[in-house]
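Asker: With the sequences and hints as input, model every part of the structure.
There are 4 protein chains.
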Amino acid sequence: MSQDQTYKNAGFGGQVPRGPNPALIVIDFSYGFTDLSYPTASDADAQIAVTNTLIAAARKKSVPVIFTVISFNERELDTLAWLKKAAGMKALVDGSRHVEIDDRLDRQPGDVVIVKKGASGFFGTNLAAHLVGAGVDTIVLTGATTSGCIRASAVDGVQSGFNVLVASDACADRAQPPHDAALYDIQQKYGDVVTSSEILTYLESI
Amino acid sequence: MSQDQTYKNAGFGGQVPRGPNPALIVIDFSYGFTDLSYPTASDADAQIAVTNTLIAAARKKSVPVIFTVISFNERELDTLAWLKKAAGMKALVDGSRHVEIDDRLDRQPGDVVIVKKGASGFFGTNLAAHLVGAGVDTIVLTGATTSGCIRASAVDGVQSGFNVLVASDACADRAQPPHDAALYDIQQKYGDVVTSSEILTYLESI
Amino acid sequence: MSQDQTYKNAGFGGQVPRGPNPALIVIDFSYGFTDLSYPTASDADAQIAVTNTLIAAARKKSVPVIFTVISFNERELDTLAWLKKAAGMKALVDGSRHVEIDDRLDRQPGDVVIVKKGASGFFGTNLAAHLVGAGVDTIVLTGATTSGCIRASAVDGVQSGFNVLVASDACADRAQPPHDAALYDIQQKYGDVVTSSEILTYLESI
Amino acid sequence: MSQDQTYKNAGFGGQVPRGPNPALIVIDFSYGFTDLSYPTASDADAQIAVTNTLIAAARKKSVPVIFTVISFNERELDTLAWLKKAAGMKALVDGSRHVEIDDRLDRQPGDVVIVKKGASGFFGTNLAAHLVGAGVDTIVLTGATTSGCIRASAVDGVQSGFNVLVASDACADRAQPPHDAALYDIQQKYGDVVTSSEILTYLESI
Chain E
20 MSQDQTYKNA
30 GFGGQVPRGP
40 NPALIVIDFS
50 YGFTDLSYPT
60 ASDADAQIAV
70 TNTLIAAARK
80 KSVPVIFTVI
90 SFNERELDTL
100 AWLKKAAGMK
110 ALVDGSRHVE
120 IDDRLDRQPG
130 DVVIVKKGAS
140 GFFGTNLAAH
150 LVGAGVDTIV
160 LTGATTSGCI
170 RASAVDGVQS
180 GFNVLVASDA
190 CADRAQPPHD
200 AALYDIQQKY
210 GDVVTSSEIL
220 TYLESI
Chain D
20 MSQDQTYKNA
30 GFGGQVPRGP
40 NPALIVIDFS
50 YGFTDLSYPT
60 ASDADAQIAV
70 TNTLIAAARK
80 KSVPVIFTVI
90 SFNERELDTL
100 AWLKKAAGMK
110 ALVDGSRHVE
120 IDDRLDRQPG
130 DVVIVKKGAS
140 GFFGTNLAAH
150 LVGAGVDTIV
160 LTGATTSGCI
170 RASAVDGVQS
180 GFNVLVASDA
190 CADRAQPPHD
200 AALYDIQQKY
210 GDVVTSSEIL
220 TYLESI
Chain Z
20 MSQDQTYKNA
30 GFGGQVPRGP
40 NPALIVIDFS
50 YGFTDLSYPT
60 ASDADAQIAV
70 TNTLIAAARK
80 KSVPVIFTVI
90 SFNERELDTL
100 AWLKKAAGMK
110 ALVDGSRHVE
120 IDDRLDRQPG
130 DVVIVKKGAS
140 GFFGTNLAAH
150 LVGAGVDTIV
160 LTGATTSGCI
170 RASAVDGVQS
180 GFNVLVASDA
190 CADRAQPPHD
200 AALYDIQQKY
210 GDVVTSSEIL
220 TYLESI
Chain B
20 MSQDQTYKNA
30 GFGGQVPRGP
40 NPALIVIDFS
50 YGFTDLSYPT
60 ASDADAQIAV
70 TNTLIAAARK
80 KSVPVIFTVI
90 SFNERELDTL
100 AWLKKAAGMK
110 ALVDGSRHVE
120 IDDRLDRQPG
130 DVVIVKKGAS
140 GFFGTNLAAH
150 LVGAGVDTIV
160 LTGATTSGCI
170 RASAVDGVQS
180 GFNVLVASDA
190 CADRAQPPHD
200 AALYDIQQKY
210 GDVVTSSEIL
220 TYLESI
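Keeping their order, the protein sequence lines are chains E, D, Z and B. Quick note on the numbering used here: the first sequence kicks off at 20 and runs consecutively. Quick note on the numbering used here: the second sequence kicks off at 20 and runs consecutively. Quick note on the numbering used here: the third sequence kicks off at 20 and runs consecutively. Quick note on the numbering used here: the fourth sequence kicks off at 20 and runs consecutively.
It should be emphasised that the hints constitute simulated quantities derived from the structure, not laboratory data. A hint or two may mislead.
Note: identical chains are not told apart, hence a pair may lie in one copy or across any two.
[Stated by the list, open to error] Mimicking SDA-like on lysine to any residue, the simulated pairs with C-alpha atoms at most 25 angstroms apart in a straight line are: (1) K80 <-> S90; (2) K27 <-> L202; (3) K80 <-> G114; (4) K80 <-> I225; (5) K80 <-> G38; (6) K109 <-> G154; (7) K103 <-> I67; (8) K27 <-> H198; (9) K27 <-> I225; (10) K79 <-> S90; (11) K80 <-> L96; (12) K79 <-> G30; (13) K27 <-> G129; (14) K79 <-> L124; (15) K103 <-> I133; (16) K103 <-> L55; (17) K79 <-> D130; (18) K80 <-> S21; (19) K109 <-> Q22; (20) K103 <-> Y50; (21) K27 <-> R126; (22) K103 <-> Q206; (23) K79 <-> Y221.
Answerer: In structure tokens form, the structure reads like this:
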């Protein structure tokens with residue numbers, strides 16, 4: 020049996036509702052992930068441009084735009100379990116350029132920036148509580164990297180009770196196979212993987 | 020540049036410490052995931068046998084053995100966001116055979132069974148608190164499915180502060196490519212992916 | 020300055036919005052907390068009767084009714100940190116009468132029962148995710164004990180993003196001073212403490 | 020029956036183990052809570068002095084010292100549920116003097132500062148994960164306010180699996196009755212309430 024048929028039989032790949040109260044969450048587009056002079060980065064130029072079109076559409080409809088960044092205190096570099104496995108992430112130190120959101124992103128003063136210490140935008144943060152307080156029912160994810168923080172945030176988003184949409188052309192990764200594998204898994208099990216153009220249509224309909 | 024080289028440059032793939040206080044966590048080996056007469060299942064015969072050798076080694080050293088299962092209340096079938104995307108999981112209803120742990124597993128009365136409502140063994144459960152109370156520093160994961168609940172539990176395990184080891188030959192999945200992609204990502208970013216024989220050596224050294 | 024004036028100056032005691040999508044959460048009305056033959060119990064006869072009037076009003080409007088219970092696996096009795104301080108809670112063992120919801124409560128098959136391992140209904144459970152999936156914006160709390168699990172659930176409820184209402188005459192405790200002190204703190208800082216009659220008016224307005 | 024007898028019969032008030040790996044957590048000693056020119060503050064002069072003796076003892080034994088502060092983004096002022104009830108907390112805005120840790124505290128560069136959005140130091144933060152990664156088994160709490168953030172952190176600390184000690188003479192509150200009631204409840208149910216002198220003896224024994 021083909022993999023697609025196996026997943027279909029298992030009851031995966033359903034369509035996620037698009038609720039009336041979305042939020043756009045831009046994951047980890049800080050220089051550590053977008054500036055190729057750093058070894059932790061991906062080529063994200065096109066994905067940042069696409070994310071900006073989504074941000075513009077969101078602002079037009081007063082849809083919340085939330086950014087996440089990974090940033091570590093120096094003491095955490097020795098204690099956090101993740102940094103033993105992914106030691107390259109130690110470059111993401113408080114105050115460094117690595118943890119600044121890429122200036123090409125269309126930010127506004129007052130935008131919420133969630134500081135996180137792991138892959139998921141929800142883990143160890145008040146992102147879920149913030150979304151609940153704001154009455155959000157659906158999250159749209161863009162950012163980097165697809166197989167890391169986007170995927171972990173998609174899993175936690177749906178576990179937290181939100182409808183999850185991922186804009187495939189607004190997600191960057193370091194290599195194509197993990198990007199593709201992550202989008203496949205997300206589309207089958209956690210959220211709808213769609214193009215930014217479909218997200219734009221949705222946001223305009225709000 | 021090769022993908023492996025890209026990841027190496029990014030500082031991934033480090034070795035995880037093996038602490039003195041491990042726990043063995045057997046993820047979702049209930050009939051819904053192990054009995055091929057159900058469309059949600061994987062072929063897990065070999066992986067269950069391997070898991071039993073790990074359980075035996077753990078018991079010999081008084082290492083805690085913890086099982087997880089997914090099980091839903093009927094009311095949850097209509098409310099949980101995950102079940103809109105992964106509707107096949109609705110078969111995992113409280114009291115059904117799908118949510119019984121496969122009888123081939125070597126369970127003992129008093130073993131902790133964590134009931135969960137999503138992919139991760141940590142999300143919406145007291146697993147982390149239980150491990151902290153028990154003084155655990157390192158978790159060994161086996162079960163099903165590799166690309167779903169094992170992977171999500173590995174990500175949450177390291178985010179929660181634990182060293183994560185995954186026994187590759189004790190993890191089952193519905194298809195080979197997602198299994199392989201998940202193990203690749205885990206080994207690079209979240210935990211050490213090793214054979215059960217390496218886990219046995221570790222457990223015997225406790 | 021009087022305590023009330025100090026709190027008013029500090030900006031506490033605001034009124035909580037009553038949203039269009041409430042849920043009624045009945046905290047720990049299991050026999051271990053309601054049957055005075057057990058030393059862990061409170062006299063909760065009147066509070067159970069009042070809770071039943073709220074349940075009836077909720078059902079009329081299809082407002083979700085959710086129950087919580089504390090229940091421990093035998094292995095947890097030795098590991099959970101809480102049970103070193105509050106050893107009396109060890110009586111709440113899986114399968115014992117202590118953990119059965121008091122039969123006087125007006126339950127229906129299919130009502131969600133959240134099993135928890137600590138004071139808060141939210142900690143280590145999927146209660147928040149369940150409420151988000153169900154679109155709930157406001158929670159109404161009743162149960163036992165006021166100074167323990169009600170209070171902890173009120174704090175976590177508002178931290179999780181929900182409007183919190185506590186029905187004062189539907190909350191039982193072992194002694195009056197902690198009951199009063201808890202309601203004072205909740206009313207000042209976490210949720211509106213109101214009578215069941217005000218809750219009934221609210222539920223009828225849905 | 021006296022309240023103390025009722026609690027004793029219920030099995031509360033046990034003694035909490037003092038583990039070999041403590042951490043000192045200083046809760047919310049920012050100017051918003053310590054400078055009486057702000058209406059949200061308490062008189063905390065003596066408690067800050069006592070906390071400094073604990074910090075000194077901790078540093079001598081390389082015991083981690085962690086600070087928490089509440090600090091809100093402007094956008095959060097409109098969305099967080101807590102700020103509807105406790106509107107006075109809106110003064111705690113990012114970048115304001117209210118959210119700076121009181122300069123009298125003996126801080127060192129590199130000390131971890133946990134930014135939180137509610138009462139508990141654990142809720143919506145990576146405090147638990149940080150403690151697990153650092154191998155901590157026991158937490159010592161000081162700070163402000165006793166009936167608010169200290170109490171909520173004590174409840175979450177023990178729920179998270181840690182032994183909880185509260186230094187009674189290092190905790191400040193706005194009024195005496197809520198301070199006393201909180202310490203009573205904590206001592207009965209969540210952690211040992213002891214003097215700083217007992218904490219010093221413990222830290223010196225590490």
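Asker: All hints, please: hold or fail.
Answerer: Status of each hint after checking the structure:
1. K80 <-> S90: neither (30 angstroms within a copy, 28 angstroms between copies)
2. K27 <-> L202: Both, since 16 angstroms and 23 angstroms are each at most 25 angstroms.
3. K80 <-> G114: Neither, since 33 angstroms and 29 angstroms both go past 25 angstroms.
4. K80 <-> I225: within (7 angstroms within a copy, 28 angstroms between copies)
5. K80 <-> G38: both (14 angstroms within a copy, 23 angstroms between copies)
6. K109 <-> G154: between (35 angstroms within a copy, 19 angstroms between copies)
7. K103 <-> I67: Answer is neither; intra-copy 30 angstroms and inter-copy 30 angstroms both fail.
8. K27 <-> H198: Cα proximity of K27 and H198: in one copy and across copies (21 angstroms, 17 angstroms).
9. K27 <-> I225: Close neither inside one copy (31 angstroms) nor across copies (40 angstroms); limit 25 angstroms.
10. K79 <-> S90: Neither: 30 angstroms inside a copy, 28 angstroms across copies.
11. K80 <-> L96: between (40 angstroms within a copy, 20 angstroms between copies)
12. K79 <-> G30: Result: close neither inside a copy nor across copies, 37 angstroms intra and 34 angstroms inter.
13. K27 <-> G129: neither (43 angstroms within a copy, 28 angstroms between copies)
14. K79 <-> L124: within (16 angstroms within a copy, 46 angstroms between copies)
15. K103 <-> I133: Both ways: K103 and I133 sit 23 angstroms apart in one copy and 21 angstroms across, limit 25 angstroms.
16. K103 <-> L55: So K103 and L55 pass the 25 angstroms test inside one copy only (23 angstroms; across, 38 angstroms).
17. K79 <-> D130: So K79 and D130 pass the 25 angstroms test inside one copy only (15 angstroms; across, 41 angstroms).
18. K80 <-> S21: Neither: 42 angstroms inside a chain and 43 angstroms across chains, both beyond 25 angstroms.
19. K109 <-> Q22: between (38 angstroms within a copy, 21 angstroms between copies)
20. K103 <-> Y50: Within. Shortest intra-copy distance 22 angstroms satisfies the 25 angstroms Cα cut-off; inter-copy 36 angstroms does not.
21. K27 <-> R126: neither (40 angstroms within a copy, 32 angstroms between copies)
22. K103 <-> Q206: Only across copies: K103 and Q206 sit 12 angstroms apart there, 30 angstroms inside one copy, limit 25 angstroms.
23. K79 <-> Y221: within (13 angstroms within a copy, 35 angstroms between copies)
Going through the hint list in order, the structure does not satisfy hints 1, 3, 7, 9, 10, 12, 13, 18, 21.
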